[in-house]
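*Asks:* For reference, the chains in residue letters:
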Amino acid sequence: MSATAAGLLQAGLLLLALAVGYRPLGDHMARVFSTGKHWRVEKAVYRVGRVDPDAQQHWKTYASSVLGFSAVSVVLLFLVQRLQSLLPFDFDRGPVPVGVAFNTAISFVTNTNWQSYLPEKVMGHTVQMVGLTVQNFVSAAVGLAVAIALVRGFTRAGTDRIGNFWVDLVRGTVRVLLPLAFISAVLLVALGVVMSLKSGVDVTNPDGSAGRIALAPAASQEAIKELGTNGGGIFNANSAHPLENPNGWTNLVEIYLILVIPVSLTRTFGTLVGNRRQGYVLLSVMGVIWAAMLTVIWWAESHPNGPAALLAGAGMEGKEQRFGIAGSALFANATTGTSTGAVNSMHDSFSGLGGGGTMLNMLFGEMTPGGVGTGLYSVLIMAVIAMFLAGLMVGRTPEYLGKKLGRREVTCAAIAMLAMPVVVLVGAGAALLLPSTPGALNNPGAHGLSEILYAYASASNNNGSAFAGITVTSDWFQITLGLCMLFGRFIPILAVLCLAGSLAAQKKVPETAGTLPTTGPLFATMLGGTVVLVAALTFIPALALGPIAEALA
Amino acid sequence: MKQLLKQSAAGLRVLLVLTVLTGILYPLGVWAVSRLPGLSANAEGSVIQVDGRAVGSRHIGVDPVAADPARDPWFHTRPSAGSADPLGPGDPSTSGGSNKAADNTDLVDMIRQRIDLVARREGVDPAKVPADAVTASASGLDPDIGPAYADLQVPRVARVTGVPEDRIRALVVEHTSGRDLGFVGEPAVNVLELNLAVQAASG
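Respectively, the protein sequence lines represent chains A and B.
Using the working numbering, the first residue of the first sequence is number 1, and each one after it goes up by one.
Using the working numbering, the first residue of the second sequence is number 1, and each one after it goes up by one.
Be aware that a few hints might be false.
[Stated by the list, open to error] Below 30 Å or equal to it, Euclidean Cα-Cα: the simulated DSSO-like pairs (lysine-lysine) are:
1. A:K508 <-> A:K60
2. A:K404 <-> A:K60
3. B:K128 <-> A:K37
4. B:K2 <-> A:K121
5. A:K43 <-> B:K128
6. A:K404 <-> A:K507
7. B:K6 <-> A:K60
8. A:K404 <-> A:K508
9. A:K507 <-> A:K60
10. A:K37 <-> A:K508
11. A:K121 <-> A:K198
12. B:K128 <-> A:K60
13. A:K43 <-> A:K60
14. A:K37 <-> A:K60
15. A:K37 <-> A:K507
[What the hints assert, rightly or not] Computed footprint of chain A on chain B; a stretch qualifies when at least three of its residues, placed anywhere within it, have a C-beta under 8 Å from a C-beta of chain A:
16. 33 to 39
17. 131 to 139
18. 163 to 171
What the hints contain is simulated information worked out from the structure, not anything from laboratory work.
Computed from a prediction, not measured in an experiment: that's the story for all the values here.
The beta-carbon is built from N, C-alpha and C at its ideal position, and this holds for glycine as well.
Only chain A is shown next, with the shape it has when bound in the complex (with noise of 0.2 Å):
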């Protein structure tokens, strides 16, 4: 079989196992949103943290939350690196650096999990386990949390009420991700990845050498780590590792755990909206634009361009034999189309256009289907957009899901959509006229300046995969990228909840003959092409100089 047909074959049975997982998942995620039953953990965790699962918040108290809750947890993690030393299973690796503490408290609260750091010497198991674990799990969940929040804003009306925070929050770790992340490390496990306590495993190599191989609770971080869209790993070379992801299996495994959240929720947002067609309408585009960077990408992956490709006759620097390039194209667009971040090749080593479209795919704002939860309202948000434009077309105001889309709420997806924009072009135009930026760079040229685009938009878009060559250990990029990771996360999630808040408190409208129907190809195609424009209009001048210039040279 040739190696496309192979490919082929793999995303076919991805989307096979997507397909069987949707109903089941988004109906259970709809029922755990919804019902008013609470179980008897997420009892005693209500009462250990006294607050009233029955209490509905205003959106200022449910932001308020958020935010309390994120900001002690940037705290808690970044204790625990400092005091690395007195926790068990730290094999001397020390105090974390306070840069890199700073940077990874943060990179880990916003669902971003970049890593500057050298995980097998840096991070112990205990940091990596009761630090960075929890954040795979919580952050994802307050995604989650908050998408659901929006999705009420359009299901109820006439209240200030938005939901219960902790209660969202505490279902989504314990009802969704926990149960499934266990049985996918189990899986794991038992497709060959390593979970170990031990640091690493001496051996006498066959030539007599003797070396360390190094050894981590990999598959219980690994499974989170794909299914919250995180995307930090336990070693340094993250899902390229063979001990992370072993064979071709693994990784397929994998690449289902990053988008099976994401892609089911579009079946909940429609269930609790009481019309699964508007979320068909979702994954439709989600989907269209996946399949269509996938092609981009693998296409310029399996056709070598650049003297040092052509001259080695194939695209295999950065990559690994056992996922070829098939493998690596699958896994790379479904991590940079969601806020995961993990990597099995490295993107850096990508061929002009291939890389550039890893890069394109955060600039969408990451809705191929998006982070968990993120995805969800980051498609939302530019539907509103959607109806908006669409509404100027007509001079009528916009309604979606029978709410109309006032000034404010305008104003509210407006902000939530351009926060990203801004912060990643300000911050990589700022990192452009340091002195000092070109000596942290790996790559000469239009390269170079990818890797200092990929870097702010993966921290402003909370991914954290790295054009990785970039050296961003100086306190510049640890604090300018830290900043953007906070600002792309949470000036939307605040613009989010606004929107959330607006919308409940409106009285439905009722479908008339001159409403515009959501559920159609018409629809479709005006979400689809206020994404694509929107991401042309912004990063077009920036992607010629840095990919686009190298895809051509």
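For chain A, the structure is supplied; the task is to place chain B on it using the hints.
*Replies:* Just chain B now, kept in the frame of chain A:
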């Protein structure tokens, strides 16, 4: 502001409980299950023992170094970006790729050197050297090479070890994993297992 402080206090308490649940019980639960027979070998890194001695992990590729380069009995792995030499072994206590772009002249020079070194080592035309032999993997620890690179090394390994070429070729086939079900993964030859098999065959 008062609201935010109140919510942060609740946040801290909830976070601590969730830490016990997801940061202690969950990973230790997975670890406990991974102790089951059938899983524990994987969980501890799929280490291969020969005569009671750990000789490596089947998932980790570390390039063997010949005592006498003129008589090199080993199949070689893909290059590792972590190595100081163009073809030298990587360090399995860490991991990573070169992150160099295809238009980076350093990478072009490096690949040219590698093509030259491999062609000379195997005594073949440089045009015959496959891409995986001269490009650094993403992890620097790639356990596999493509079947073409294994084929290229067969005559030399046979000559140096004294094992007949047919026998070596049969061992290569034995340690080549194709695509599962015909389409999952890429054809790959596990270098460590192959070298151990050749070592056993040459006595």
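*Asks:* Each hint needs a verdict: does it hold in this structure or not?
*Replies:* The hints, checked one at a time:
no.: 1; hint: A:K508 <-> A:K60; in the structure: holds, 22 Å
no.: 2; hint: A:K404 <-> A:K60; in the structure: holds, 21 Å
no.: 3; hint: B:K128 <-> A:K37; in the structure: violated, 67 Å
no.: 4; hint: B:K2 <-> A:K121; in the structure: violated, 41 Å
no.: 5; hint: A:K43 <-> B:K128; in the structure: violated, 67 Å
no.: 6; hint: A:K404 <-> A:K507; in the structure: holds, 9 Å
no.: 7; hint: B:K6 <-> A:K60; in the structure: holds, 13 Å
no.: 8; hint: A:K404 <-> A:K508; in the structure: holds, 8 Å
no.: 9; hint: A:K507 <-> A:K60; in the structure: holds, 20 Å
no.: 10; hint: A:K37 <-> A:K508; in the structure: holds, 27 Å
no.: 11; hint: A:K121 <-> A:K198; in the structure: holds, 14 Å
no.: 12; hint: B:K128 <-> A:K60; in the structure: violated, 66 Å
no.: 13; hint: A:K43 <-> A:K60; in the structure: holds, 24 Å
no.: 14; hint: A:K37 <-> A:K60; in the structure: holds, 25 Å
no.: 15; hint: A:K37 <-> A:K507; in the structure: holds, 27 Å
no.: 16; hint: 33 to 39; in the structure: holds (count 4)
no.: 17; hint: 131 to 139; in the structure: holds (count 8)
no.: 18; hint: 163 to 171; in the structure: violated (count 0)
Of the numbered hints given earlier, the model fails hints 3, 4, 5, 12, 18; all others are met.
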